Each structure stands twice: as structure tokens, then as C-alpha cells.
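Those protein sequences? They're chains A and B, same order as listed.
With the working numbering, letter number 148 in the first sequence gets 148, and the count goes up by one each step, no holes.
With the working numbering, letter number 317 in the second sequence gets 1317, and the count goes up by one each step, no holes.
Rather than coming from a laboratory, the hints here were simulated on the basis of the structure.
Predicted, not measured: the structure shown is a model, and the values here were computed from it.
Fair warning: there could be bad hints in the mix.
Some, not all, of what chain A presents toward chain B, calculated at C-beta under 8 Å [unchecked claim]:
#1 Trp75
#2 Thr78
#3 Arg140
#4 Ile141
#5 Pro193
Glycine residues also receive a C-beta, built at the ideal position from the N, C-alpha and C atoms.
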Amino acid sequence: MLVNRRVADAAAFAVTPDDRRGAALAVEHLVELGHRRIAHLGGPPELSPAADRRLGFGAAISAAGVDDNPSLVAWAETFAEDAGIAPMHTLLNYGGRFTAIVAANDMLALDCFDALRAAGLSCPSDVSVIGFNDMPFAERIQPPLTTIRHSPYEMGRQAAELLLEQLADPAALPRTVVLSPTLVRRASTSAPPRAR
Amino acid sequence: MLSPFMRGKEAPTAARPERPVVTVRDVAERAGVHPATVSRVLNQATRHLISDATARRVERTAADLGYQANSIARGLRTRRSLTIGVVIPDLTNPIFPPIVRGIEDQLHPLNYTALLTNTDSEPERELRGLQTLAARQVDGFIVTTTEATLPAVGELVSDGVPLVLINRSLGDIAGFGVAPDDRRGAITAVEHLLDLGHESIAHVGGPPQLAPGKERHHGFLEGLADRGLVPDERLVRFADAFTGGAGIAPTQALLDGEVPFTAIFAANDLLALDCIDTLRAAGLDCPRDVSVIGFNDMPFADRFTPPLTTIAFSHYDIGREAARLLMGQLDREDTAPRTLVLPTELVVRGSTAAPRRRRG
């Protein structure tokens, strides 16, 4: 029983958020605010949430009529706090210009805040940042984090349910339950600066 | 050999025909490496992390000593399940994840696994948690319970079950515990507010039936008394729980009371956030109108608005030390029951300032 992970051929029971859709929601929100140059701070690409969020990001960028520019994508080695500092450094110093970042989770979004501040940039007036997860206290941090919400509690509940089902019926066919994410607008995203 | 559940009692007259247990530690010692290295070598998934020469030496040593890596087989032979029962109130309280990490990081190299259960500080769920885990043959417990469950905890301890209580006082029970210095931390919080010039300080306390609530309240009173101040009991209000939202009613009660105050010492950070929200809803700004200090230095406390002044201690160390004390009991090396008290530290951020004026 996989939670928050997915296998490509759906040969295992799994519960995940719709990571692609979530990342697309993030991009659509930024595009709607007027952003065109949008960077992606990805998670470790060997983990399905990171890979799927990257795919959703790319698809939504292309759908908005913007090139999915590889110089605007960097990867963190883990999903933990501080793992985003190095790839943010790469984006800021060697990447293309951007006015917004889609971070692959909220912890990495915090690293975006810190790296931007260290570079003399402010969020959201210079660069908008959107996270993923709506982790506890995301509304209390400065600036309150715009993010993609899903329910980890519900994910756990459904995983337990599917596990009990397998115990009751060993012949049950594997399936992946995909939970729908929603956009939570807070203060870390705004319209892009007019001239940069 | 004594079973781990018989420690402290008379040894059975007919000893079970058992071979001595060869542990990862034994292998590590003989091979001259760290126990974590042994674990990595003996785990197919991590063997590649260790150099070939070292890995071969460890494997040879393990074979020579008759080390048995299969935990089920070993459990049968030694009556150990290599699992530890962890009973906590609520993993979504942000102080518990680092505690659990501390426990696991300490257990993992020794091949122990933690089984976790949440109780929401409900005594009958605490009892059920202890029973359920005992039925699964855990080798010991690390628990945080209400006072109502302490008699049951005491029974386990006097039965010789390895157990460590965290963040709680064992009272009269001669057992093992790990806790922050709640009282000293509370005194430090009061001293900080007094040093800033506050004269009328309120306390939003935790539930007094929980040791941290009681100890921090006592520390609050002691901190005032140390400076020759007489605490006004109308400025003390207790929350029903240590969880977010529980601090709103007591803060509102303080605001509705007749005694003006310029600062609040909240018994933990979640209650401090409720204080700040309730003040804001009443049109009062923290720290301009009222200073607020919390306790715990929970994750993101530095990122809140305002950044929270608080009393910090290492939750990770609480978990790690608890697991260390438990392992000492399991190895039957450590037989001196004691409570390890970890130091606290004042972290000054933006939620405390000098009083602007007396309110009221």
C-alpha cells in the first residue's frame, strides 16, 4: 500500500494527491496574475510527487503558450527544509529571469523566501512564490504562503481503508486513488512587477 | 538469563536453556566499528555504502559470533520483538515529530522499530494504547500520558517493564524519565518580561492535570516571587488543552477581567498564537500593546507574525535521550531510575517588547 507515491504501471495499491493537476493549478494561478516567466523548484526527481509536479508544471506552462524553459527548472535533493537553498542559488545566478516560482512543496517554498531575501528580492513584490501541501501554519508564516492544498489526513484514512480491503480480499485488484487538490490564495503571490 | 520483564525480581530457579544474545553492539565492538556500520553492512539495501574490506570484516565477525539478523528468529530465541511502543498525545502537535525522530534515530542502528499510537490525552485511550502495544510484545515503552494513567504506568515500571516517561513527572514512581526544565524555563520567561519593564504579567496556563502545565505555572509564580512580586490569581487562566484554539477562551477571560496587564506568558507556543490572535481580534497589537512569550520554540516560530519570543529546548534530544535510557534498561546495564532534565533557553524575537503604557 503506497501513500503519496505512485508506481508507473499501477500494479500496487496507492493513494496520492493529483500532483500533476496541483502543479498545473499553481501555474494557472500565476499565469492569471500575469506571470509569464515562471521558475520551478522541483523536489528529488526520483520521487513520484516531484516527477509528477514537474510534469504538471511543464504541461500547464506549455498550455499557457509559454516555452517550458529548462534553465528555469532546478531540483532539490530532498523535500526537507534547506534543501532548496542550493538550487535556488542556481536559479538566481545561472537561470533565466523569472517573476514567480512554483516550489514542489511548502518547505522548499520557505527556502525560496530565504534565498530571495538573501538576494535582496522581496516576495511577492519582486518574485511570487507558491508552495504545495498547505502544511500546518502555512497561513501564519511571513508572508502567508499561497499553496496547493490536499488532505494528508484523508490520504492516510483511505490508505488504511484500502489496506483493510486487501486483508479481507487478497484477490482485490490494485488501484490508485487520486485525491483532488485545490488552490489556497494567500499573500506570497501577486501580480508581477511592471518592469524588471 | 533474566527475561526483560523479570528485571528486578528474583531470578527463575531453572534458567531457560538460552544462548547469550549477540547484538549489533557485540559485533561492532569485536569488529572495531560503529554499531551503525554493522547495521548497514547487514542490510542488503545499505551494504554498498560501506567499503568492501570493512563489510567483509563485519560479516566474518557476525558469523563468528553467531549473530542472527532475522528479527523473527531472534525474537523467538530471545523473547525480544525489537519493537518499542511509543504512546504520545498527538503527532500533529508540532513538538512531537522531532521527538519521534530522536527516538527512531537512536533505535534504528540497534535494529529496533518504534510502534506509535496517538491518544489525544484521553486516559482510556492511553490505557488501551499501552495494552495494545503490550499485546504486540513490545520490549519497552516511551510514553507521554496524563496523570490519570500514571498508576498504570507505575504498574508496568514495578513489573520491571523497561519504560521511559517523556515530558511528564513520574511523581512517586521510581522510574526513568526525560523532560525539559519546565519550571526553570518558566522562571526565565517571567524574568525576561520583568527585565523589559512589565509589572503586570498574565499567565495563560496549560491544563493543570498535565505536568508541563503545572510545572510552568509554578515557575511563573516562582519567577514573580523571586522579584518580591505577589502574583494576582485573577491574571492566571488555564486552557483545557495544549492544542491550538484552546488558548482563545482563557485569553478572552483575561481581557474581560478587571485587572490590566501588559504581557502574557503562555504555557506553550500554540497557546501563545491563540493569545496573539485573541489580542488582535480585540484591537490590541502584539507586542505594542501586549507582549507574548511562549514555550517550546516550535517549528516556524521564527517565521510567524510577529516572530515568537519563546523558551526553547531540543525536542529531538528529548526523544533521543529517552530512547537511550530505554536501551540502557533493555541491556540491563542501567538500573538507576532517574529523570533526565534538559536545559531550556530564552529565544528573544519580535513578540515581546517594553510596555508602552499600562492598559486599562
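Tested hints:
1. At about 22 Å, the closest approach between the beta carbon of Trp75/A and any beta carbon in chain B exceeds 8 Å, and the interface hint on this residue is violated.
2. This hint is violated: Thr78/A has a C-beta 14 Å from the nearest C-beta of chain B, more than the 8 Å allowed.
3. At a threshold of 8 Å, the smallest CB-CB gap from Arg140/A to chain B is about 5 Å, leaving the interface hint in force.
4. Among the interface hints, the one on Ile141/A holds; its C-beta lies about 4 Å from the nearest C-beta in chain B, closer than the 8 Å criterion.
5. A cut of 8 Å between beta carbons decides the hint on Pro193/A: the least distance to chain B is about 23 Å, and the hint is violated.
Of the numbered hints given earlier, the model fails hints 1, 2 and 5; all others are met.
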